[in-house]
Structure formats: structure tokens, C-alpha cells
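A.B. asks: Full structure from sequences and hints, please.
Residue numbers (my numbering), protein chains in the order written: chain X, 1 to 115; chain A, 116 to 229.
If you're looking for bench data, these hints aren't it; they were derived computationally from the structure. A quick note: this is a predicted structure, and the numbers were derived from the prediction, not measured. For glycine and all other residues, C-beta sits at the position ideal for the given N, C-alpha and C. Watch out, some of these pointers could steer you wrong.
[Said to hold, decoys possible] Some residues of chain A that are not near chain X, with every Cβ distance over 12 Å (derived):
hint	residue
1	Ile171
2	Phe179
3	Glu216
[To be verified] Computed footprint of chain A on chain X; a stretch qualifies when at least three of its residues, placed anywhere within it, have a C-beta under 8 Å from a C-beta of chain A:
hint	segment
4	30-44
5	101-107
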Amino acid sequence: AQSVTQLDSQVPVFEEAPVELRCNYSSSVSVYLFWYVQYPNQGLQLLLKYLSGSTLVKGINGFEAEFNKSQTSFHLRKPSVHISDTAEYFCAVKGNNNAGNMLTFGGGTRLMVKP
Amino acid sequence: DTEVTQTPKHLVMGMTNKKSLKCEQHMGHRAMYWYKQKAKKPPELMFVYSYEKLSINESVPSRFSPECPNSSLLNLHLHALQPEDSALYLCASSQTDRGWETQYFGPGTRLLVL
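C.D. replies: Right, dumping it as C-alpha cells:
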């Protein structure tokens with residue numbers, strides 16, 4: 001079984017500042033890792049994913065994440081945020097022996113970008 | 116095109132009503148999912164269909180009844196719901212149910228049970 005911890009439930013930041021949203025996971029097998037964003041009153045949109053290969057993954061809207069196997073982390077970063085980045089961000093994990101493609105989500109981090 | 120559509124967007128129903136939620140995708144995906152999301156919480160998996168067959172039921176009460184009439188369509192039939200069932204219901208699909216496949220989510224149906 002897998003578990004995901006998003007260490008910050010809320011992250012306030014000023015526009016054009018950098019941001020890091022933290023995600024740590026636990027798993028007894030190798031994992032696939034995902035970040036999704038949910039804008040108010042909408043569904044989830046995939047930001048980026050790590051399946052294998054390069055540990056630095058670039059996604060949409062200028063976001064990137066780095067897979068650190070020794071730290072069991074997959075932190076999301078953006079060098080300069082916009083007001084439009086205000087949303088809920090979910091880190092999710094799947095074990096590579098997963099049947100049914102079941103995602104395990106973290107509790108979510110609300111990113112609040114202030115002018 | 117990575118679009119999953121869901122209808123209706125909003126639904127209000129009484130505890131004695133019967134209603135259905137609909138989800139559709141035309142990406143040729145063979146795995147489809149229903150999730151329930153309460154406010155300020157992550158989505159919780161309810162059901163997984165793989166090649167139109169129910170493969171996972173996460174101990175969901177029988178008042179929720181899924182149906183997959185064909186590879187593009189997924190329904191969730193609702194009957195005798197409780198107020199605590201009020202939530203955002205999300206549908207997702209993926210190419211197959213293999214672990215590396217990305218799940219693509221629809222916009223959700225916001226359900227209010229009175």
C-alpha cells in the first residue's frame with residue numbers, strides 16, 4: 001500500500017514570487033508520481049507526472065517537480081507564480097504493482113497567490 | 116483531445132428520488148472511474164471499470180449503482196441517498212488500468228441531497 005503526505009495545507013505567496021509545494025510518499029514498491037491541480041468548481045487537471053527516467057519533470061503552466069528516491073519526495077516548484085495559479089494542488093502516487101490503476105492522493109495544498 | 120464530459124453539472128435531489136449521473140469520453144480509453152470528493156478533501160475512489168467490466172468496488176453502499184453500457188459511457192445511478200452523500204462526483208478515464216496510465220478527469224457533478 002502507498003500513502004502520501006502533503007506537508008502544507010495552505011501556502012500563501014505573493015504574485016511573481018517562487019513557490020514550492022511539498023509532497024512525501026511511502027511505498028514498499030517502486031512508484032509512479034503525479035501532481036494534479038483543481039481550480040475552484042472544476043475537476044482535476046494533470047500538471048505533470050514521473051514514471052521513470054530523468055528525475056526532473058517539467059509540466060504545464062511553468063511547473064516542475066523533482067523525484068527524490070532517497071528522500072521519498074516529489075516536491076512541486078514554480079519560479080514565479082501568477083494570480084491564476086490560485087488553486088488546490090494534489091500529489092498522488094501509484095505503486096508499480098498496482099492493479100486497477102488506483103491513485104492514492106495526498107490531502108491537498110491550497111495555493112493562495114496574493115497581489 | 117483529453118476531454119471527459121459529465122452531465123449534469125449540478126443536481127439537487129430528495130432522499131426518495133432516483134437520478135443518474137453520466138460520464139462520456141471519446142479517447143478510446145478502456146478504463147473508467149468514479150470518485151467522490153467532499154469539500155476541502157482529496158477525491159476518494161468509488162468504482163473502477165476495465166473493458167466495461169466492474170473491476171473494483173471500494174465498499175460503496177448499494178444506493179450507488181454504476182453501469183458501463185459501452186466503452187465510451189459510464190453512468191452512476193443514485194437511489195435513496197442521504198444528505199451526507201452530497202459531494203462533487205468526478206469521473207475519470209485512462210487508456211487501460213495499468214499503473215503508468217494517466218487518469219484524465221471530468222469537471223464533475225455537484226450533488227446536493229436534501
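A.B. asks: For each hint, tell me whether it holds in the structure or not.
C.D. replies: Here is how each hint holds up against the structure:
Non-interface call for Ile171 (chain A) relative to chain X: violated, since the shortest CB-CB distance, roughly 5 Å, does not exceed 12 Å. Even its closest Cβ contact with chain X, about 18 Å, leaves Phe179 (chain A) beyond 12 Å, as expected for a residue assigned away from the interface. With a least CB separation of 6 Å from chain X, Glu216 (chain A) falls inside the 12 Å interface cut-off, contrary to its annotation. A stretch counts as covered by a chain when three or more of its residues have a beta carbon under 8 Å from one of that chain; for the segment 30-44 of chain X and chain A the count is 7, and the coverage holds.
Interface restraint, the segment 101-107 of chain X with chain A: holds (6 residues with C-beta to C-beta distance below 8 Å; minimum three).
Going through the hint list in order, the structure does not satisfy hints 1 and 3.
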